[in-house]
Each structure stands twice: as C-alpha cells, then as structure tokens.
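Trainee: These are the residues of each chain, in order.
2 protein chains.
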Amino acid sequence: MLADAGVVLTQAERDDIEVADFGLGRVEEIGLQLVVYVNTQRVCAKELVLFPHQTCPEHRHPPVAGEPGKEETFRCRTGTVHLHVDGHDEIVLRPGEQFTIMPDTLHWFQAGPEGAIVSEFSTRSRDETDVFTDPAIVR
Amino acid sequence: MLADAGVVLTQAERDDIEVADFGLGRVEEIGLQLVVYVNTQRVCAKELVLFPHQTCPEHRHPPVAGEPGKEETFRCRTGTVHLHVDGHDEIVLRPGEQFTIMPDTLHWFQAGPEGAIVSEFSTRSRDETDVFTDPAIVR
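Residue numbers (our numbering), protein chains in the order written: chain L, 1 to 139; chain U, 1 to 139.
Source of the hints: derived by calculation from the structure; they are not laboratory data.
Honestly, I wouldn't trust all of these hints.
[What the hints assert, rightly or not] So these bits of chain U aren't anywhere near chain L, every CB distance computed over 10 Å:
| id | residue |
| --- | --- |
| 1 | I30 |
| 2 | H59 |
| 3 | R77 |
[Unchecked claim] From the structure, some residues in chain U lie toward chain L, with a derived Cβ separation under 7 Å:
| id | residue |
| --- | --- |
| 4 | Y37 |
| 5 | V43 |
| 6 | E71 |
| 7 | H84 |
| 8 | G87 |
| 9 | P95 |
| 10 | R124 |
No residue lacks a Cβ here, since even glycine has one placed at the ideal position from N, Cα and C.
Start from the sequences and build out the full structure, keeping to the hints where you can.
Mentor: Here's what the structure looks like:
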C-alpha cells in the first residue's frame, strides 16, 4: 500500500513497521500499522496504514512531565478515514484533507472500504502514556 | 512534480504554494517552492520542492521567545538533495533517506540534476526569524 502511494521506505524502515493490535488479538478489525519516520523530544512524524474498515480505538494523549499532551495533525494520503473527535461531528478525510487533534482530546478513527494511508505530524509520541477508553486495551 | 510523487493537494493548497526567492531575484538558481500543511505553536510540516540544482542558501534557526530554535527533519521523497550542515560532511539524501538538523545549526542544501521533493517535519516555523549568512537575503 505504501509503495503504491509513492512512499519510499528504507529496508530498515520496512523491517521496523509496527503492527499495533492494542492487546485485543483481532488486529484486522481493531489495529493499526505504523511507520515512524522520526520521534525526537519535540517532533514526531509517522505514516499510519489502515486496512479496509480497520479501527484505531478511542483514546487521548494526556499531559506528561509538565508538557501539554500530544498534538496530532492527520493528513489523508490515500483512501478515506472517518475521524471521531470529542466535541466535533464525524470528520471524513479524503486524500489531501487533514485535521488537527488538540492535546488530551478523545478520538478514534476508522478506514473506509479501501483502507487508508494517513500521515501524522505531531509533537513527541509517548504511546505508553495514551489513555484508552476500553480498559481491556494494552498499548 | 508533487502529483507525480503521489502527493495530493487541495485546491487551496495549490493556490497557496509559496515561492521563496530570498529577495535575490534569481529564483531558479537560489530559491525554494513550499507547501505548508500545518504550522501550529508546536508542530510544522511542509513539502519543499526544488528544481534541478536549485539551492536554499545557508541559514540557521535561532532561539525565539525563550524556546530553542526550530528543529527540522528533512526526508527526501524524490530526486536527490545535497545537504550541508555545520559540523558534518556533505550529506546526500536519496528517496526514503532523512536527516535531522538541530536548532541554531547553520545549513544549506541543493537539489541534484533531477530536482527533489523533500518532506520537512519540524517544530513551529517562524521564517521571519531565520538568520541567513548572506546579508543580501530578505526572507
């Protein structure tokens, strides 16, 4: 999917693609594939790859170590993603469309029938501090 | 060039592509074309488009308002970019390769013979505070 979208990865990045199943063991339904380009103290950039109808479950990024939580901009590259953000109606992102999710704001998202590739531009990623609504989830 | 690289832009983004000639009036030689996806208080993401052999002249991003200067990761999407960063040998980035430039570090870059598209992931962009080595330059 990434190569078809014109995304070129190094061999090391291909070997390091992260598959997140959130500890639920049904990754095709609830899961996410990630390529992390960079994650420094200040900046993070990733590609999120979603299979058709795959869902990333509801969570938020709380403040950590005196800093506001993670701020994320999702930019759709291919396919369609349905984004649900606390305080907003459903947001549908098509290729070239984007939305910025402010810190500590509950959100979840699901790919449309073709799946999706979404670029994420954000502050530092500390996935282990994410707070998921479903208590069964382990990140 | 962007469409060929699989980058989809909205009409508003196409209308807003910034051409920086750095006040020198010879943009094909010294210049840069930019698509700014997002630039918040904390995060910025852009595509930089360089024509063949086009050069972005030497500059640095100093501390502003009590914050460290801008930190930038350049990720080459297409073509080749030759990156010159103070304290490093020349860095040649090919598609899928990237380099992070720390704050307040002098750097300049030039595209190879095919031009280049480079994604930039950074902290907040405040172009007006950049310090260029050539005193003739106006940003």
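Trainee: Next step is simple, just say for each hint if it's right about the structure.
Mentor: The hints, checked one at a time:
In this structure U/I30 is separated from chain L by more than 10 Å, as the shortest Cβ-Cβ distance comes to about 27 Å. Every Cβ of chain L is farther than 10 Å from the Cβ of U/H59; the closest lies at roughly 19 Å, confirming the non-interface assignment. Its beta-carbon lying about 7 Å from the closest one in chain L, U/R77 breaks the requirement of being farther than 10 Å from that chain. Taken as an interface hint, U/Y37 checks out: its beta carbon lies about 6 Å from the nearest beta carbon of chain L, inside 7 Å.
For U/V43, the interface hint holds, since its Cβ comes within 7 Å of a Cβ in chain L; the closest pair sits about 6 Å apart. At about 6 Å, the closest approach between the beta carbon of U/E71 and any beta carbon in chain L falls short of 7 Å, and the interface hint on this residue holds. Interface hint at U/H84: violated, since its Cβ lies 20 Å from the closest Cβ of chain L, which is beyond the 7 Å cut-off. For U/G87, the interface hint is violated, the least distance from its beta-carbon to any beta-carbon of chain L being 18 Å, above 7 Å.
Contact between U/P95 and chain L, as hinted, is supported at the beta carbon level, the nearest pair being about 4 Å apart and thus within 7 Å. At its closest, the beta carbon of U/R124 sits 10 Å from a beta carbon of chain L; the interface hint therefore is violated under the 7 Å criterion.
Comparing the model with each earlier hint shows violations of hints 3, 7, 8, 10; every other hint is respected.
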